[in-house]
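Going down the list, the protein sequences come from chains A and B.
Residues are numbered in this note's numbering as their position in the first sequence, beginning at 1, plus a constant of 1.
Residues are numbered in this note's numbering as their position in the second sequence, beginning at 1, plus a constant of 1.
Derived from the structure by calculation, the hints contain no laboratory data.
The reader is advised that the hints may include incorrect statements.
[Claimed, not checked] Listing some non-contacts, in silico: residues in chain A with all C-beta distances to chain B over 10 Å:
1. S44
2. S134
3. P189
4. P221
5. R251
6. D254
7. H279
8. L292
9. A334
10. R359
[Stated by the list, open to error] Pairs of lysine-lysine, DSS-like flavour, derived with a Cα cap of 27 Å:
11. A:K88 <-> A:K190
12. A:K217 <-> B:K190
13. B:K217 <-> A:K190
14. A:K183 <-> B:K190
[As the list claims (entries may be wrong)] If you only want the chain A side, here are some residues facing chain B, beta carbon under 7 Å, derived:
15. K12
16. H226
17. W257
18. M280
Glycine included, each C-beta is placed from N, C-alpha and C at the ideal position.
There are 2 protein chains.
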Amino acid sequence: MRDFTFNNPTKYVLGVDSVRGSLGKELKNHGFSKPMLHFGSGSIKANGAYDDVVGSLQEAGIEWVEAGGQKPNPRVEICRECIKQYKAEGCDVIVAVGGGSIVDSAKCIAVGVNLEEGEDVWGVWAGTTTATSGAPIFVVLTLSATASEMNNGAVITNMALKQKYAYGDSFNMPVVSFVDPKYQVTLPKWQTVNGAVDTITHLTEFAFMAASATAKDGLPNTSLHMIEALIKSQIENCDALLEDPTNIARRADFAWAATCGLNQMTDCMLGGGDWCVHMLEHAMSAVSFNLSHGAGLGVVLPGYLRFCDKVAKGEVTRPEGRPQPECLKEFLARYCKNVFGADSVEDAITAWKAILARWGHPTNMSEIFAVYDDIKDTNMDETLDQMTDITVGRGFTGQLLFPCKEEVRQIYELAK
Amino acid sequence: MRDFTFNNPTKYVLGVDSVRGSLGKELKNHGFSKPMLHFGSGSIKANGAYDDVVGSLQEAGIEWVEAGGQKPNPRVEICRECIKQYKAEGCDVIVAVGGGSIVDSAKCIAVGVNLEEGEDVWGVWAGTTTATSGAPIFVVLTLSATASEMNNGAVITNMALKQKYAYGDSFNMPVVSFVDPKYQVTLPKWQTVNGAVDTITHLTEFAFMAASATAKDGLPNTSLHMIEALIKSQIENCDALLEDPTNIARRADFAWAATCGLNQMTDCMLGGGDWCVHMLEHAMSAVSFNLSHGAGLGVVLPGYLRFCDKVAKGEVTRPEGRPQPECLKEFLARYCKNVFGADSVEDAITAWKAILARWGHPTNMSEIFAVYDDIKDTNMDETLDQMTDITVGRGFTGQLLFPCKEEVRQIYELAK
Numbered sequence: 002m003r004d005f006t007f008n009n010p011t012k013y014v015l016g017v018d019s020v021r022g023s024l025g026k027e028l029k030n031h032g033f034s035k036p037m038l039h040f041g042s043g044s045i046k047a048n049g050a051y052d053d054v055v056g057s058l059q060e061a062g063i064e065w066v067e068a069g070g071q072k073p074n075p076r077v078e079i080c081r082e083c084i085k086q087y088k089a090e091g092c093d094v095i096v097a098v099g100g101g102s103i104v105d106s107a108k109c110i111a112v113g114v115n116l117e118e119g120e121d122v123w124g125v126w127a128g129t130t131t132a133t134s135g136a137p138i139f140v141v142l143t144l145s146a147t148a149s150e151m152n153n154g155a156v157i158t159n160m161a162l163k164q165k166y167a168y169g170d171s172f173n174m175p176v177v178s179f180v181d182p183k184y185q186v187t188l189p190k191w192q193t194v195n196g197a198v199d200t201i202t203h204l205t206e207f208a209f210m211a212a213s214a215t216a217k218d219g220l221p222n223t224s225l226h227m228i229e230a231l232i233k234s235q236i237e238n239c240d241a242l243l244e245d246p247t248n249i250a251r252r253a254d255f256a257w258a259a260t261c262g263l264n265q266m267t268d269c270m271l272g273g274g275d276w277c278v279h280m281l282e283h284a285m286s287a288v289s290f291n292l293s294h295g296a297g298l299g300v301v302l303p304g305y306l307r308f309c310d311k312v313a314k315g316e317v318t319r320p321e322g323r324p325q326p327e328c329l330k331e332f333l334a335r336y337c338k339n340v341f342g343a344d345s346v347e348d349a350i351t352a353w354k355a356i357l358a359r360w361g362h363p364t365n366m367s368e369i370f371a372v373y374d375d376i377k378d379t380n381m382d383e384t385l386d387q388m389t390d391i392t393v394g395r396g397f398t399g400q401l402l403f404p405c406k407e408e409v410r411q412i413y414e415l416a417k
Numbered sequence: 002m003r004d005f006t007f008n009n010p011t012k013y014v015l016g017v018d019s020v021r022g023s024l025g026k027e028l029k030n031h032g033f034s035k036p037m038l039h040f041g042s043g044s045i046k047a048n049g050a051y052d053d054v055v056g057s058l059q060e061a062g063i064e065w066v067e068a069g070g071q072k073p074n075p076r077v078e079i080c081r082e083c084i085k086q087y088k089a090e091g092c093d094v095i096v097a098v099g100g101g102s103i104v105d106s107a108k109c110i111a112v113g114v115n116l117e118e119g120e121d122v123w124g125v126w127a128g129t130t131t132a133t134s135g136a137p138i139f140v141v142l143t144l145s146a147t148a149s150e151m152n153n154g155a156v157i158t159n160m161a162l163k164q165k166y167a168y169g170d171s172f173n174m175p176v177v178s179f180v181d182p183k184y185q186v187t188l189p190k191w192q193t194v195n196g197a198v199d200t201i202t203h204l205t206e207f208a209f210m211a212a213s214a215t216a217k218d219g220l221p222n223t224s225l226h227m228i229e230a231l232i233k234s235q236i237e238n239c240d241a242l243l244e245d246p247t248n249i250a251r252r253a254d255f256a257w258a259a260t261c262g263l264n265q266m267t268d269c270m271l272g273g274g275d276w277c278v279h280m281l282e283h284a285m286s287a288v289s290f291n292l293s294h295g296a297g298l299g300v301v302l303p304g305y306l307r308f309c310d311k312v313a314k315g316e317v318t319r320p321e322g323r324p325q326p327e328c329l330k331e332f333l334a335r336y337c338k339n340v341f342g343a344d345s346v347e348d349a350i351t352a353w354k355a356i357l358a359r360w361g362h363p364t365n366m367s368e369i370f371a372v373y374d375d376i377k378d379t380n381m382d383e384t385l386d387q388m389t390d391i392t393v394g395r396g397f398t399g400q401l402l403f404p405c406k407e408e409v410r411q412i413y414e415l416a417k
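Looking at chain A on its own, in the form it has when it is part of the complex (with noise of 0.2 Å):
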């Protein structure tokens, strides 16, 4: 076991048309009076989000400020000029109106607001400036995947610098969180998938740290029964979508799996999550800027399930000090069979390749070489051993295994 603290002050509200009854309220309840609206590219206007919000406040009698135009991976750019906003208008609360990127904008600028005149927030993200505080925030949400609504998490990309860095602290939870299920009916399919396959992997990331538990404490049973409960959750729920899209009961429970994935509840006695699966993705995304971050990740988990597999069974010599954890070839076993089904990590491998096959997701490396425009003519081997520098390059490449440079290449090897 680990210890833990489990703190999620975010108030959670799910329901359909939950925004248009409730948001003016909740602001006016908590004392705000001028929020930024903040939001993308603008697909909250075609999918009814935006005029939920604004009908909202004008019920409400409430003034608001517009602050739209974030990027997929929100860049710390957009967010400079947000905050500047924020200030120059005297705003005092900000509403997220958007998917994960949306919402990690938001937690940037929340703290970029906070800090003092003429420190960047982008030293928050790199680590060279101490944030202790954040503007509140409240979220919106069009579409389920990072669980950002209910965590203290934001990743922001400096494109400057070409950098993509992570930053969390309780100040930056959101203070309230509406998730109207029928936002997201219109959603493309592929959306769908990825927001799931994120999902899994979240819930997987957490379950590979059971691995490093003591034959003495045994893996962390209830921690673990919740994370294959909400796996399954939400295969059958995306199976369920892909059928019918328009589902809104469907839409409402994945979206409450999504949430439930990464909000801190489901890493309780896991201490975090592994990440390694997560450190190879963004690797691919380094090389292939169109490759969204669902698809990459799941081509590369079953490279990481194949390497873990090869360490339980002491197939390979790793480099010194590097962990040989006593429960591996234990955990392994149990998530195989408990996830998928399995009695070995390659039938596992089998059974998520045919999911993913049946959702329309490529199913290995190779594919997503042949797939994607801005690698499918680049030599595999080559662009293999940059993904590698790329990972290697962070110093962070997971917390179970922390597989060495050579190893990271067998990985991406062991996906193709």
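Keeping the supplied structure of chain A fixed, place chain B upon it in accordance with the hints.
What follows is chain B alone, placed relative to chain A:
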């Protein structure tokens, strides 16, 4: 689906020696300076909790007031005394040190100290007085079962009026709850078993509500998966603890599963719990004061499951206006399969009784009557009639099926 709001601000700290290291500091950080320690018969002096609490307060230089002596099934009469003492001594926070009864009692005291002069706290539980705030509550938990450490509910007994009611509001959520599993190592076997049965019943009462989903909505998938996961986890944890009561990691896992069983999360999308099984058990405890809550719950569950099965199959003619939920059949099939690996309700009951038997817990009503001194010489039919009157007298016999008097009697019969 049902719309829901999830908001649980309690900070939950789980870890060996967490109280000793943090309680005093947490109180200080929150600005509290005069806690009232509230506890029961003094078992906290045997299990180490009292020494940790007092040691932590001394290290932080905090003086305290003691108010012990509360009983299981906590009494409003004792709460009233504590309310007087809290005000007379100028306390500013309650530290509840004990199991669910002590936490419930602390919630009653917390409400009572904030009422207007002359208002009696029982009025709040009886529904005749409105409370709008409560004193802050910290918890040091020594027995995991009720999850009162992370919810807003409290069941209080009025000995004079022979009434027992539940009440809860958001201001009654504990601020911080400490769960140190080492206090639970010395629990008698029957208390561990009763804790497990209580948690499993809470989760089952929530699951039953899924049965009222419409065929169009389908069963609330994510909530059911989480409930099933927690039930399975708690069965495994209880088995492991009966094998080795000193396994600290299992004690921690058991504690976390018990908390998740009723911390307002597992019933999201379900509209609360059914609570019919609880109502039926309360009447059993009312005729047999020696019967523990967990023992009664475990035995009456099969009767309710059988009754649900009959309704689902159309084998009983229900009185006009009583619910005939669309999804009941589908729900029962899922619950029996996913929780007990059973293909029918009878097979699930057989599996449940096998679990009770290996835990040394009574498995049916006849055993209860044979075992408990205060009912073993009574006429069973007459006592079941009496229990039926008590159940129906409360006016509420559950949300899902809301059985009428004849049906309540039949459920007891089905649990014979």
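Violating hint indices (sorted, rising): Hint check: 4, 5, 6, 11, 14, 18 fail, others pass.
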